[in-house]
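K.L.:
Full structure from sequences and hints, please.
There are 2 protein chains.
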Amino acid sequence: MTGTLTIAGLGPGDDAMVTPEVTAALAVATDIVGYGPYVARVQLRDGLTLHPSDNRVELQRASEALRLASEGRHVVVVSSGDPGVFAMASAVFEALEHKPQWQALTIRVLPGVTAMLAAAARAGAPLGHDFCAINLSDNLKPWAVIERRLRLAAEADFAIALYNPRSASRPEGFGRALEILNDAGCGERIAIFARAVSTPDERIETVALRDARPEMADMRTLVIVGNSSTRRVGRFVYAPRQAR
Amino acid sequence: MTGTLTIAGLGPGDDAMVTPEVTAALAVATDIVGYGPYVARVQLRDGLTLHPSDNRVELQRASEALRLASEGRHVVVVSSGDPGVFAMASAVFEALEHKPQWQALTIRVLPGVTAMLAAAARAGAPLGHDFCAINLSDNLKPWAVIERRLRLAAEADFAIALYNPRSASRPEGFGRALEILNDAGCGERIAIFARAVSTPDERIETVALRDARPEMADMRTLVIVGNSSTRRVGRFVYAPRQAR
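Chains as they are written, first to last, in the numbering used here: chain D, 1 to 244; chain W, 1001 to 1244.
Hints were generated in silico from the structure; no laboratory data involved.
Only true hints are included.
Residues from chain D that keep clear of chain W, each with C-beta distances beyond 10 Å, as calculated:
(1) R41
(2) R45
(3) E202
Taking beta-carbon pairs under 10 Å as the criterion, some of the chain D residues facing chain W (in silico):
(4) E97
(5) A104
(6) L127
Note that the structure is predicted; figures quoted are calculated from it, not measured.
Cβ coordinates follow ideal geometry from the N, Cα and C atoms, glycine included.
P.N.:
Have a look at this one:
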């Protein structure tokens, strides 16, 4: 099998945040596989086939990418941000488990700037001390697991990055997450709502968690809740290096 | 004040992981400030002054960078990885708090590929489900805080990225961290030791946590402890998207 499969992160949106190794992989690809809006970020050229697909078909998309590679194609699976953080890399390895004959393929993961790093950079340095990342989508895990992790994260005094806070199909989860964090004593903490960072639609808002409303987030928003020491300096928000 | 201060992440080591916006910032800088080995990654040219400094002088280094910018220089503070994750961005904002007159400066943070993302990509996708990042250095926080966070992270069933696991000045901490995680029932979990990722010295080892030894980590190692579902497929390690 001479095909290759590369799982690449396109960063948060701006091409200025795409790493040169990802750009190089895209330049020699024969096939680009991914969620439609991410595939649309890749320039079409002779010899390149685009395979855009819908949201929520990660496993089929991963199998299709492996199949193309097994036929000798040079396939790049694209994710926004980093492919290993709530994105396509896990789905590809899951598909690989179902088809051991594909394990001989050359497979590489190329990291990217994940949403929380881009959001943190715009806001200041809210992830400068210990932190966690929780995906609020309950497509693939029970809501009870999410609740438990939110409570423990608050107790550990981690800064908390919330991925996929809100979607049309589950509008109520994020409101419950805010309630849980408020009940856990995080009302005074600073919450950052970072929408579409590095795109023309970018918007950054910071509020005390107790004043945060579910409507402040949508599918393109990444939320960071600071730890108990996180504070403002000028227009920035940062986590001091010293724990209290 | 017409000077500028840019806090930029150089990624884990390979120039192929430096984002174009960071490369562009370095190209127009008049001064590069940072820890010696990171400053050494920037090519010297006419009109550029390098200001390398020792480890553990973050706050002085940050003040010096702000002072240079206040004199009209175009300063880039460099960190490896991402500047907002256990790196220079928090120190700069801390310094800024001490000197409000510098808050009028143009300050930008440019994100980068932080060590855990590069390590995860090499290993497969161990951060594909909820995770946390804990700095094991106790220079700036009491060891008791670290212990508590490790216990809560294990209880939450996060994958756990351990930054700065071990240094010459505190050789015993990492061994204690391994003990705590073993005591918390994580012995069966897969631990990834990723050293100097993307450099000629790169080495990736994976073992069951119970077989991990403190000597397997040094100052250039990033450790990722999988969650309870993390498993192997071929030569890769990944966290399934589904929680159990």
